[in-house]
Amino acid sequence: MPFIPHTEADVAAMLEAIGVAHIEDLFDEIPPELRAGSLDGLPEGRDELAVSQQLRAHAARDAQPLCFAGGGAYEHHIPAAVWEITSRGEYYSAYTPYQAEASQGTLQLLYEFQTMMAELTALEVSNASLYDGATALAEAVLMAVRGNRKSKARRILMPRSVHPRYRAVVETIVRHQGITLELLDFDASGGHIAPPTLPAEPGDVTALVIPQPNYFGALEDADALTDWAHAHGALVIGVVNPTAMAVIAPPGEWGEQGADIACGEGQPLGIPLASGGPYFGFLCCTQKLVRQMPGRIIGATEDLDGQRGYVLTLQAREQHIRRSKATSNICTNQGLMTTAATLYMTLMGPQGLARVAAQCHANTRALVERLCAIDGVTPLFERPRFHEAALRLPRPALEVLDALAERGILGGIDLSADYPGLGDALLVCATETRSEADLDAYASALREVLSA
Amino acid sequence: MSNVPSELKYTKAHEWVRDEGDGSVTVGITDHAQELLGDMVYVELPEPGAALEAGEECAVVESVKAASDVYAPVTGEVIDINGDLEEMPEVVNRDPYGDGWLFHMKLEDEAELDGLLDAEAYIELIAEESH
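Listed in order, the protein sequences are those of chains A and B. Everything in the first sequence is counted per the working numbering, starting at 16 for the first residue and increasing by one. Everything in the second sequence is counted per the working numbering, starting at 550 for the first residue and increasing by one.
Keep in mind the hints are simulated off the structure, nothing from the lab. One or more of the hints may lead you astray.
Said to hold, decoys possible - Only pairs whose alpha carbons sit at most 30 angstroms apart, straight line, appear in this in silico DSS-like list of lysine-lysine:
id: 1; chain 1: A; residue 1: K303; chain 2: A; residue 2: K167
id: 2; chain 1: B; residue 1: K655; chain 2: A; residue 2: K340
id: 3; chain 1: A; residue 1: K165; chain 2: B; residue 2: K655
id: 4; chain 1: A; residue 1: K167; chain 2: B; residue 2: K655
None of these values were measured; they are calculated from a predicted model.
Use the sequences and the hints to build the structure in full.
Quick look at the structure:
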């Protein structure tokens, strides 16, 4: 798109052409009471030098702590080539290109992304990404409500072991759409949804959400849960960690028929931790549900000469065509993040990704062993896990985390705010980036803090 | 000029309704509607047994250009759907008044049929809309 400057004379000429005196008049139809007006409580403007000095000072406070925190965003090694290539000018856009004839390379890359995500989740279709894991789950819920036409209840079973922030986002997005989220409690000893505790006669259920692994890092009995849901006419939504998919059964292989929808946070696939974003969400489903899928889908086709080409497909239900009745208001996505993810997956390959997953698992096991050798520290749940674990501490987790932070260690996530019933509980994670020495450093720091 | 069979009833939403004479009707989209929409790629039909209110969205016809809602022309229960369209949506283009029918409804109140447009009124509607 060319850069077109305009002068005040140009603006005046344009306003005159449409018969408006001031730019402000264009917004006449917005009633004054709905306008934000002036902003209160903002300090006086400051000069650039002062602001950049202050921001540098803030940034320095971040330091580079040794990270044992996960909770949905994970530190992984990202090969240098990933961002070297991603940040080339040719890729530098968040948008999915409309104009197929001018965008074959980008479209092919997104098509490869979809292929990889479909393989990783063992489902038939993937879209070209969503904003993040939480909104991907919300879109999955909306998809299930549209797709499960036998169910009239618009009732979603949502385990409490799903990421608390994801649950909050889903609630925000669906609460005014007549959809009910019914919380399912987790098993006190395993931290998972125990299949025998599910009701024999649940009534009309639209969909069951299955986190794999769940927020506590524990693995759910996805096969039994999937079969239970399908037996009661409910669709199954898997909210999964993409790295874990390299070593545990993917949603498409759960139970007799497999899950219907899989979604999750794509950040572990080559996106650095950056104060919460930008990350990206992924969303995959069975072919049967493809017309309920929101967002962009890239398809492969053949041109008149029989050459392969890539296009945006199944657009008839998107907002630029279907306006207010579109499947979603998602119109663009995180194109740049998916470019990085595609390169990451390409460089790692299935074996590389499986090795990363296995190393994360081994490191977390080793960490739990070392930490639980300390008096008063015990695993909160006895359940197979992936790369995160909930531990019980002899003192409030927040205090412990503060003391660890003083020693340069980001010790995990305090679970007490989201799960007061768990007592003094801490969620820890050790990815493949943590060395033996790192694990030892954490264990000795924790020993010191707890004995103080 | 599109085909508008004189024995059928029509709605402003470009659907046709055939009175089966036994308290039930068959519903489809008109020849004019399929011409406007273009090549049909997918048809989403109501669930058999669904109770519909007149005017309620109950199906979607999706062409290469647009996805368009189909509304229940009358109040009643869906008793049958044209399942063949799942595999062959193009039949709606080829034979909108025959094999391209969408669903079959049991009428709650037969008098509702009198409120629909006849062929002449529908032809007028098309003429008005094309200006």
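Status of each hint after checking the structure:
no.	hint	verdict
1	K303/A <-> K167/A	holds, 19 angstroms
2	K655/B <-> K340/A	holds, 28 angstroms
3	K165/A <-> K655/B	holds, 20 angstroms
4	K167/A <-> K655/B	holds, 21 angstroms
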